[in-house]
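S.K.: Each chain is listed here by its residues.
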Amino acid sequence: MSEMAAHDAHAAHPPGFAHQFEDAGQQKDAGTLGMWAFLVTEILFFGGMFTSYIIYRSLHLPGFIIGSHLLLVKFGATNTAVLICSSLTMALAIRSAQTGKSKSTIIWWLVLTMILGAAFLALKFTFEWHADYVEHTVPGAFFGFENRPEWGPNAPYVQMFMCFYFFMTGLHALHMVVGLGILTVLVIMTARGKFSSEYYTPLEISGLYWHFVDIVWIFLFPLLYLIGGRYPGS
Amino acid sequence: MSDHTEQGAHGHVVPIGVYIAVFLSLMVLTALTTGVAYIDLGAWNTVVALAIAVVKMLLVVLFFMHVKYAHGLTKIVVICGFFWLGIMITLSLSDELTRGWEMNPIGWTGMIPFLHHLLS
Amino acid sequence: MSTATADIHHDPVESNVNYLNSSYGIKSWLLTVDHKRIGLMYLAVITFMFLIGGVAATLMRLNLVEPQGALVEPETYNKLFSTHGIIMVFFFLVPSIPATLGNFLIPIMIGARDVAFPKLNLMSWYIFVTGCIFAMIAIISGGVDTGWTFYPPYSSLYSHTPVVIMALGIFIAGFSSILTGLNFVVTIHKMRAPGMTWFRLPLFIWALYATSLIFILGTPVIAITIFLLGLERLFHVGIFDPAIGGDPLLFQHLFWFYSHPAVYIMILPSMGVISELITAFSRKKIFGYSFVAFSSLAIAVISFVVWGHHMFVTGQSVYAGLVFSVLSFIVAIPSAIKVFNWTATLYKGSISYQAPMLYALGFIGLFTIGGLTGLFLASLATDVHLNGTYFVVAHFHYIMVGGALMGYLGGIHFWWPKITGRMYPDIWARVAAAIVFIGFNLTFFPQFVVGYLGMPRRYAVYSTEFQFLNIMSSAGASVLAVGYAIPLVYLIWSMRYGPPAGRNPWGAKGLEWTTQSPPPTENFDVPPIVTEDAYNYAYAEAPHV
Amino acid sequence: MIGLAQTGLQSAAALALMPFQPPAASSIAGDVDQLYYLLSAITIFFSVLIFSIIFYFMVKYRRRSEDEIPPETHTSMALELTWTIIPSLICVVLFVWASALYVRESRPPANATEIFVIGKQWMWHLQHPEGPREINELHVPVNVPVKITMTSQDVIHDFYVPAFRVKKDALPGRYTSLWFDPTEIGTYHLFCAQYCGTDHGEMIGWIYVMSAKDYAAWLAGGEKTESMAQQGERLFTQYGCIECHVAGGGGRAPSLAGLYGQPEKLASGETRVVDEALIRQAILVPNSVHVPNYQPIMPTYQGQLNEEQILDLIAYVKSLGSQERNGK
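Protein chains in written order, with this note's numbering: chain A, 72 to 305; chain B, 38 to 157; chain C, 617 to 1161; chain D, 659 to 986.
I should point out that these hints are in silico values taken from the structure, not numbers from a laboratory.
From the three backbone atoms N, C-alpha and C, an ideal C-beta is built for every residue, glycine too.
A portion of the hints provided could be inaccurate.
[What the hints assert, rightly or not] With a straight-line Cα cutoff of 30 Å, these simulated BS3-like cross-link-like pairs (lysine-lysine) come out:
hint, chain 1, residue 1, chain 2, residue 2
1, C, K735, A, K174
2, D, K805, D, K718
3, A, K265, C, K964
4, B, K105, A, K172
[Unchecked claim] Which chain B residues stay away from chain C? Per the calculated CB distances, all over 12 Å, these:
hint, residue
5, I57
6, A58
7, F60
8, L66
9, L69
10, A80
11, V84
12, V85
13, V91
14, K105
15, Y106
16, G118
17, I124
18, S131
19, L134
20, R136
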């Protein structure tokens, strides 16, 4: 999670070079490989949930479709768009550093990325989770299946779906929060002039992390919001 | 000799046009996947949704995450991650979806409705 | 092995400064980024955890002397075996060789100054200690009674013990494993000295590389699984709950996806150690270097597709059972290849029997038995009878204690002179190795028999006809305990009073033996350049003891 | 000293008398033992082989002088292939043998009598179709195959009879089954082999394998109880199932006569055989197994029926299986 990026952020003081390496190329390669290895662990970390989701969906399809229809596509789609925008701004922030643009350009792109990330979380927490709470679709003691006779015997599986919805989006949101923390560190480092076209590894590997979080959402959106179809009678 | 000189300290600078094109594709695909959900394609709804998600992922991985320009090791690492996820999903499903089989004289052909069930 | 510094004949003027005395004070340790010091800090913590797990084991064995329980109530017994399992697996065996010897040796063996991410390395230690603290809190506040396997719905909805705290401890310790594995992979890929090609690497490095892959690919899955279990316990609703359509077997799938490869996390590093010991004490190049190296990778990969053999009787489908059975047989082959190659390495060697070699030979014997009895459990029909009995307990202790722990002790004895710069009394070490070997077999061999007789594991009280074998086992355990206590005494003694070891007391090959003992903080006075294969004993000059 | 010798002698005597395998009392036990002997032989052969080679090398090639440098030996491809291929072939043989046996163990014979088992912390609840219920004890006639269908009321348990070499988990929310054909009259251990909490070690019982005559006497000797099917029939009326599932067809729901064991096409397009799991699912999640031509109007009985009552209903539906099937 943030540890990797934060570590490198600390280790890499200008000239950004740590004593155990032979040269800057070796250091950059090591950092990138390390981040990718970490992202592999993240794939398998989320993968445990995706595996469970696939299995239960195949076992309890009707309940999962009812559950999916409790979510509002407009929020999911908007948030997807917001995250894709933030990925673009992140990529542009790195590119600015790569091509030796001014500090303020890099900071501008980073801050824009943070704003988009925050917008995602705001939408998630206030419009979606809060509404779920009000409507008793949060799993647990207050799960309101007594009020939903139309769910019939599928009620337990609707609750199972909502468990997945909250665990998966919750874990994703947690990663977003960590990402915002990393971005904050990057903004400070940029402001202090730590990066140049010669050395911007922390930016680059933090970018990998941010894009990864975006990819997770790219799968969560269809799996949670769309699957089962939204057409009449689905 | 360690293999740390393949790329050097300077990464590949991706042209800004590529970023914009990737971004626009991602937006279009998002609109597309949302729109398709409102059309009844039967079992294909799931297939299309997942196919679009995979394409979007590939765009992000290859261009935003620079894997297209990275050296072989990075590519292997990425493929390993998804391969292992595949192992986990496939072998777990190999149990969960064949539970009924032992008492079920339909036998191997029983798999077809299960697959149908999985995709629908 | 190296040309730049390997001049063991006329020892250059030994510098008095090394990684141990380059700085003093508690702060110089707690804030160190030196991989050698971090390795020693792990050694201290896991030795402590081993003692906790060992005490639990001793109490269990005492209790089992009588069929009705000689010592404690069933509830306490359940907590004892859970504590023993959790501590030994997650807080001792998994970090044992990688975090101590691996941390100490990987950079030196590949000719680097440090691991790729030294601060991350230190952070891994702190994360591990935090995990240990949570585990200790769980133990002190009563201990959990779920077994180390945490099967729901017992662990999620029925147990009345601090499961969440223990789960949190394991979750946190898991991140330490992940970061250590990541650090090692990057280090081995990117930090090798000039000339140190992949096929000149010592086999210990290959083994730890394979282990690190499992850390990276497997540990996140146990992390998420344990996390989901914790959520289910906290909120009384979750994805393994049968009441809302959850499948308890799904937990077992996810759990064993990590926990079966975790067995290889424990045994692979030991296999690496054995390759070093066998070659050093027979002064031979390893027989079939590439077969031994690739069998490590093969084991790491195949270990991920065999987990279902833990679930042959759980209601897993028959078809999945067949698939997992055939895959489980396949994983036996690379292990067999290793054993045969080690044996062949001894052929026409010059074999000496110092303590580390005794451990290595003990390892081969016990691992052979442990591995072969694994075939009983990969075979579906016999597994149905043996699953969940003491046969399984005996089998995995032959692998994890007879294998992993023997390798760990052998490695500690082999590299102790390098780590501390001092020798221990070899005669005591040989006695201890013999006692461990005898005590171990006395403890666990009867368990094969009592398992086939049908005694289920995790029974606080048992049927009287099993008593004789249980007494034998408990008697063996006390011998084993003595065998473990002796090294603790003389190793600590040697740190102060042992005679200086010199650079290369065993006349062994490998970069670590070319630098001074203990090594300087930067590992080498001059960065080494490697010009020859590993274990090139045929061209060695006579050792200089 | 004499005391020590006595202890030694006693131990030796105990060892000599000690059995190394449990009684083999089912049709499959002998076959499992044979596989076990083969595996033991392989284990002993290879252990002895490795041990003796190592021992021989240890003595023959012991270091004779401190500066001895042994000659180099080169890796032999032929040797490597030999010790890769031979173990592989052994594994193939073991896999085929063990799997054939396992598949046999997983297919109960058609004529097996069925016993229903519910595991709960920390006791076994066993139920004969004829009605008698037993706790931690099971009486069965010799040479009659028995199929155990089981579930758990709380955590995972495991039904294990070492003498029969059979074992299977009892899972909450699901049915699992095993079968055995007892061949020897006697009394055998029943263990719970999956850790289930505090008194796991005392979740044990006995299986009494009796001659046909003794078994009949035992059945007759107990207090008269309704059979499971009769109890199921009572529940069928009491919970109003009978109002829709009208015998002979024509109700709002299909008649259940002759349904058991038959493949049934569901509204989802899937074809499934009507077995215990399907009936259980139909009672608890009716619309998931809804059949075409009927409205999905059946309410769930989740929470209203306990595991025993569900088993009674299943027994009742099965008892209808022998009756004439009068259309849907």
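S.K.: Decide, hint by hint, whether the structure agrees.
M.R.: Against the structure, the hints:
no., hint, in the structure
1, C:K735 <-> A:K174, "28 Å, holds"
2, D:K805 <-> D:K718, "59 Å, violated"
3, A:K265 <-> C:K964, "60 Å, violated"
4, B:K105 <-> A:K172, "24 Å, holds"
5, I57, "33 Å, holds"
6, A58, "33 Å, holds"
7, F60, "30 Å, holds"
8, L66, "28 Å, holds"
9, L69, "31 Å, holds"
10, A80, "22 Å, holds"
11, V84, "24 Å, holds"
12, V85, "27 Å, holds"
13, V91, "21 Å, holds"
14, K105, "21 Å, holds"
15, Y106, "19 Å, holds"
16, G118, "8 Å, violated"
17, I124, "6 Å, violated"
18, S131, "5 Å, violated"
19, L134, "8 Å, violated"
20, R136, "5 Å, violated"
Violated hints, listed in ascending order, are 2, 3, 16, 17, 18, 19, 20; each of the other numbered hints is respected by the structure.
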